[in-house]
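Engineer: Add chain B with the ligands to chain A, keeping to what the hints say.
Protein chains in written order, with full-length UniProt numbering: chain A, 1 to 410; chain B, 1 to 410.
Please keep in mind that the hints were generated in silico from the structure rather than gathered at the bench.
Misleading hints may appear alongside valid ones.
The list treats identical chains as interchangeable, and a pair is accepted whether it falls inside one copy or across any two copies.
As the list claims (entries may be wrong) - Within a straight-line C-alpha distance of at most 25 Å, the following computed SDA-like cross-link-like pairs (lysine to any residue) qualify:
1) Lys-74 to Glu-158
2) Lys-74 to Asp-162
3) Lys-74 to Asp-159
4) Lys-74 to Ala-376
5) Lys-74 to Ala-11
6) Lys-74 to Gly-315
Number of protein chains: 2
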Amino acid sequence: MDQTSYRTLDAGGIREFLAGLPAIATRLGGVPEQWQVHEVSDGNLNNVFLVTGPAGEVCLKQSLPHVRVDPSWKMPLDRTYFEAAWLAAIGPLVGELTTEYLHFDPELYVLVVESLSGHTVLRTALMQGADWPEVAPRIGTFVARACFGTSLLARPFEDVFDARRIFAANQALTRITLDLVFDDPYRDHPRNHWHDPALSPIVQDIRTSAAALLAVENLRRRFLSQPQALLHGDLHTGSIMSTADDTRVIDGEFALYGPIGFDCGMFVGNLVLHFFATPDLAARQAVLRDIASFWHSFHEQFMALWNANDAPPPGTLRPLAYGPAAHVVQQAFMDEVMADTIGFAAIEIIRRLIGYAHTADFDTITDPRLRATCRAGALAFAYYVLDHLADMRTIADFLSCLGENERKGI
Amino acid sequence: MDQTSYRTLDAGGIREFLAGLPAIATRLGGVPEQWQVHEVSDGNLNNVFLVTGPAGEVCLKQSLPHVRVDPSWKMPLDRTYFEAAWLAAIGPLVGELTTEYLHFDPELYVLVVESLSGHTVLRTALMQGADWPEVAPRIGTFVARACFGTSLLARPFEDVFDARRIFAANQALTRITLDLVFDDPYRDHPRNHWHDPALSPIVQDIRTSAAALLAVENLRRRFLSQPQALLHGDLHTGSIMSTADDTRVIDGEFALYGPIGFDCGMFVGNLVLHFFATPDLAARQAVLRDIASFWHSFHEQFMALWNANDAPPPGTLRPLAYGPAAHVVQQAFMDEVMADTIGFAAIEIIRRLIGYAHTADFDTITDPRLRATCRAGALAFAYYVLDHLADMRTIADFLSCLGENERKGI
Ligand SMILES: Nc1ncnc2c1ncn2[C@@H]1O[C@H](COP(=O)(O)OP(=O)(O)OP(=O)(O)O)[C@@H](O)[C@H]1O
Ligand SMILES: Nc1ncnc2c1ncn2[C@@H]1O[C@H](COP(=O)(O)OP(=O)(O)OP(=O)(O)O)[C@@H](O)[C@H]1O
Ligand SMILES: [Mg+2]
Ligand SMILES: [Mg+2]
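Excised from the complex, chain A in its bound form:
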């Protein structure tokens, strides 16, 4: 990767850069001096700007040679390259469930995409009390289409192997996931932190439970060894922007080939975090509904694509056995995704409470004691799930376990 001409763009640099891209300049309209550049970075990693002209707006994302919020943590620039590659791969499969890909510059590591206006980051919307029943099933559709369409079920193996080759190079971000999600929380590490002492005994329990550690080990192995489909890789509620009517998945820089249940589990895990961060019973009911409708939609769409017999998918893994036997294969495949979903959800919850990168969900609770109780409830739930993973193979099991917390209230 040629970094000779890389420089971090400021507002002036951004105007100059976009002025050199005729299609985007036309989209913005007017002259560069009129373009408003507005920084919206709120994540850990990259600079993100909205650029507004008289005729339109675009979103520009640039990688930095370090973590945005910690310049001492060096990092290669190529993450926008992988985000661009991900968007190019899944855009045609998911249509309006992501942003339109406009441009990628391989020297500046700048990605330009459609700007979303009126959309709110889903985590923020949930914290503000939005109740949008259509969002979760749309994410189910998104995962089904993106994962089915990049898998051996839909593509000749040569295409899948080529795509795996591309994303197997996304190692800096895969390493982050490995360390922050699968490793740090299960041992002493300076990146871990939690404020509430109520969490400490549960952390101790997790770290000394053979069943929980075996589950984590197994999930970590599956994360690295089951390249079923091109994953988003970081599908939490901060990677989704939505209105009540329109939902987009953004920020695919962590993309990798992996187990489909990893994307499902990360989304479900973040819904569960919201569940525990909202003591309101109606809001908790809405989360239970959302998890169920997410899974239902994912399952239904995935099966519909698989069974599109009028135009059978040209994948290398088309079935040899038809009729009832084909159903056995499909059932086993979906059961495996479901088990993965539950396991990955649990470890996502854990790392968001005791690892490096927490989420803001619990900040809406102002009473510190209530907040600590809610966090402990979430951690205890995730621990219970990991510890009983063998008995909890269906989303229904998972929801009924979560529902017990709902009925108990706090």
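Structural biologist: Showing chain B with the ligands alone in chain A's frame:
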């Protein structure tokens, strides 16, 4: 891959080419005019020559732009590239269980390796009645070292992902395996052939058994979706050269990341073919012994590498859980390899009897009726295994099933 200067080398071209490689010229000794070039190609794919000088000998392998035995079947030249990459990767892990890597030329697609003298291709040796009890355990050691050492158990995930990227490009040969091993035999295809009518009803049974087809489908999915380790990819008894004392694995051009049980199963499947091709009861007993000692040695060596606690392997998949819990993970891993071994052995047997590429084993039987009965026995055994895969999870089960054939004799 630059093919501009590619040309197929004849004896003169080989002398000229090797004369340009000082280390090899020295190894051969004398002057190029003295070097004897002797073609030994006996496989389907490449030109192979032994070059003998006054001081030493080397083996030279060159890819052709087509299948050697069928010039109308076009094929990319890069297979010696992948064989060279495989040899470079596993050579340091397996030591004297393969040939020494001497040179690779990326324009001529020529690989030069140590020449083996006094060694016989194992399949030929078995057909000639050799009984070398040490060969099978050496192959067990070979698979254990090569697979453990290229897996996430032994290497940081970055190294494994880089290696996967290299071998995921070995698509022409992976496509051949997919078509010839996992696909053709289970449907009508002009590449299939068998002479003995006694096989036809068994072929019909296989193709209409839902259980067998599901098993094949599952194994095909695992072949493409379980990149556990760098496999040889074609580990039949024709890819092994041996004496009683020294055993070498050659011909790694099919190398890919895949399930470890694929290498194990291909070796075991070819031993089973020999079993059925030798009506002699003592020779059959020797095969049962070899399969058991292969597995025992593989298992023991793999576990020893995994549990080398004095120098724990620096793999990303080091255990989180120690003590008895670690044992659970290892047991589950090895059980999965064992189940794969049995399944892949069965499909290897089937494709060698009814697919494109048969083996010579049965040619030692001169009576055509006996030969047909023996082949039918092998095919029926493989069918039985595939049809009962769920109940046949251990090598002991597999051997006792095979042993019933032994006691029955023909
Ligand atoms: N297409 C867009 N239109 C409008 N706003 C956007 C768009 N893409 C991103 N944003 C805003 O910019 C923020 C940061 O974007 P993004 O999550 O892609 O950056 P990041 O640096 O990769 O974050 P993270 O650390 O979570 O990985 C988003 O939370 C959102 O508020
Ligand atoms: N290092 C060696 N020393 C001596 N003889 C060798 C050596 N390597 C290969 N041979 C001989 O050459 C033959 C062909 O080699 P090899 O199997 O590598 O070729 P191939 O064209 O890839 O065959 P296949 O069609 O089975 O893939 C072997 O069966 C063996 O007889
Ligand atoms: Mg991001
Ligand atoms: Mg070969």
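Engineer: Now tell me, hint by hint, if it's right for this structure.
Structural biologist: Now the hints, each set against the structure:
Within a single copy, Lys-74 and Glu-158 get their C-alpha atoms only as close as 35 Å, which misses the 25 Å cut-off; across copies the closest is 17 Å, which meets it. With identical chains, the CA atoms of Lys-74 and Asp-162 are at most 25 Å apart between copies only, with a shortest distance of 21 Å across copies and 29 Å within one. Within a single copy, Lys-74 and Asp-159 get their C-alpha atoms only as close as 33 Å, which misses the 25 Å cut-off; across copies the closest is 20 Å, which meets it. Taking identical chains as interchangeable, the C-alpha atoms of Lys-74 and Ala-376 are never at most 25 Å apart, the minima being 33 Å within one chain and 64 Å between chains.
In this assembly of identical chains, the alpha carbons of Lys-74 and Ala-11 lie at most 25 Å apart only when taken from the same copy (23 Å versus 55 Å across copies). Taking CA atoms no more than 25 Å apart as the test, Lys-74 paired with Gly-315 passes between copies only; the shortest distance there is 23 Å, against 40 Å inside one copy.
Comparing the model with each numbered hint stated earlier shows that hint 4 is the single one that does not hold.
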